[in-house]
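Novice: Each chain, written out:
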Amino acid sequence: MTFRTCKLLTIFTEAALEKTLIRDIERLGATGYTISDVRGKGSRGLRNSSWEPNSSIRVEVICDQELAEIIVAYFQEHYYANFAMTIFTVDVTFYPSVSLQIL
Amino acid sequence: MTFRTCKLLTIFTEAALEKTLIRDIERLGATGYTISDVRGKGSRGLRNSSWEPNSSIRVEVICDQELAEIIVAYFQEHYYANFAMTIFTVDVTFYPSVSLQIL
Amino acid sequence: MTFRTCKLLTIFTEAALEKTLIRDIERLGATGYTISDVRGKGSRGLRNSSWEPNSSIRVEVICDQELAEIIVAYFQEHYYANFAMTIFTVDVTFYPSVSLQIL
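Chains as they are written, first to last, in the working numbering: chain A, 1 to 103; chain B, 1001 to 1103; chain C, 2001 to 2103.
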């Protein structure tokens, strides 16, 4: 069974950013992404943002370590100051399709 | 790039518990949480609970190992006997904002 | 605190497959699963599938390494050629209920 160790990059943030983040992610080099609706509460230093129910999203990208760091650095620079945003990565074992193995 | 190794604590459980669990989580020390709607089926020993579609939730908390264990122990003691509840943790690399790094 | 290291198997795929995949997963030996609605985009080689909003699902199964590999192999053989499907696993620390510990 062929597999590859990758990063699953997860971003919890404001739903208003969805289109902008997708554009960023694709431009930075990701070939896919997954979005889902979430609700929750985050406290970011003194901003103490409270999120409205259903106004937040989870964005997920499977990518290599290098692209994950590029996306994290870009988002930290452009969004961390003004938006509620939580980012983390986890190591995953990814099972690519045969066509992707050839590429 | 600053990062910290944390735990992502995930709980799949009955939607009716949402407000109660949020209160517990905040009281036990978490500064944030994420909720999303899920559906599914779990079998817990002989109870063999079958969940109605959309009546379940995923609760996620990013925290350190110590708080994760406190929450797990509390939930096991208070909910495992009477509610369908699945709990697991995974190691994540968390990228905090600058303001959180100072705190 | 009793815990067990397990696999969290995650599948992103087309919503039309939901009932079929659940039947497969249960027949192959899983005792539970979780489904949630997602949207996103995946590129699978030359097919370049673009998913309609809300027409995709996330399927999650907590299981041991052996069952995870059985499910991955089955899905790769039966669905990878004709459906948009992304599969990955991650190591999780699972906290079973007492009744499950006895089994």
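Careful: at least some of the hints might be erroneous.
[As the list claims (entries may be wrong)] Mimicking EDC-like on lysine to aspartate or glutamate, the simulated pairs with C-alpha atoms at most 16 Å apart in a straight line are: (1) K1041(B) - D2091(C); (2) K2019(C) - E2060(C); (3) K41(A) - D1024(B).
Quick caveat, the hints were computed from the structure, so don't treat them as lab data.
Novice: Determine for every hint whether it applies to the structure shown.
Specialist: Hint check:
no., hint, result
1, K1041(B) - D2091(C), "violated (21 Å)"
2, K2019(C) - E2060(C), "holds (14 Å)"
3, K41(A) - D1024(B), "holds (14 Å)"
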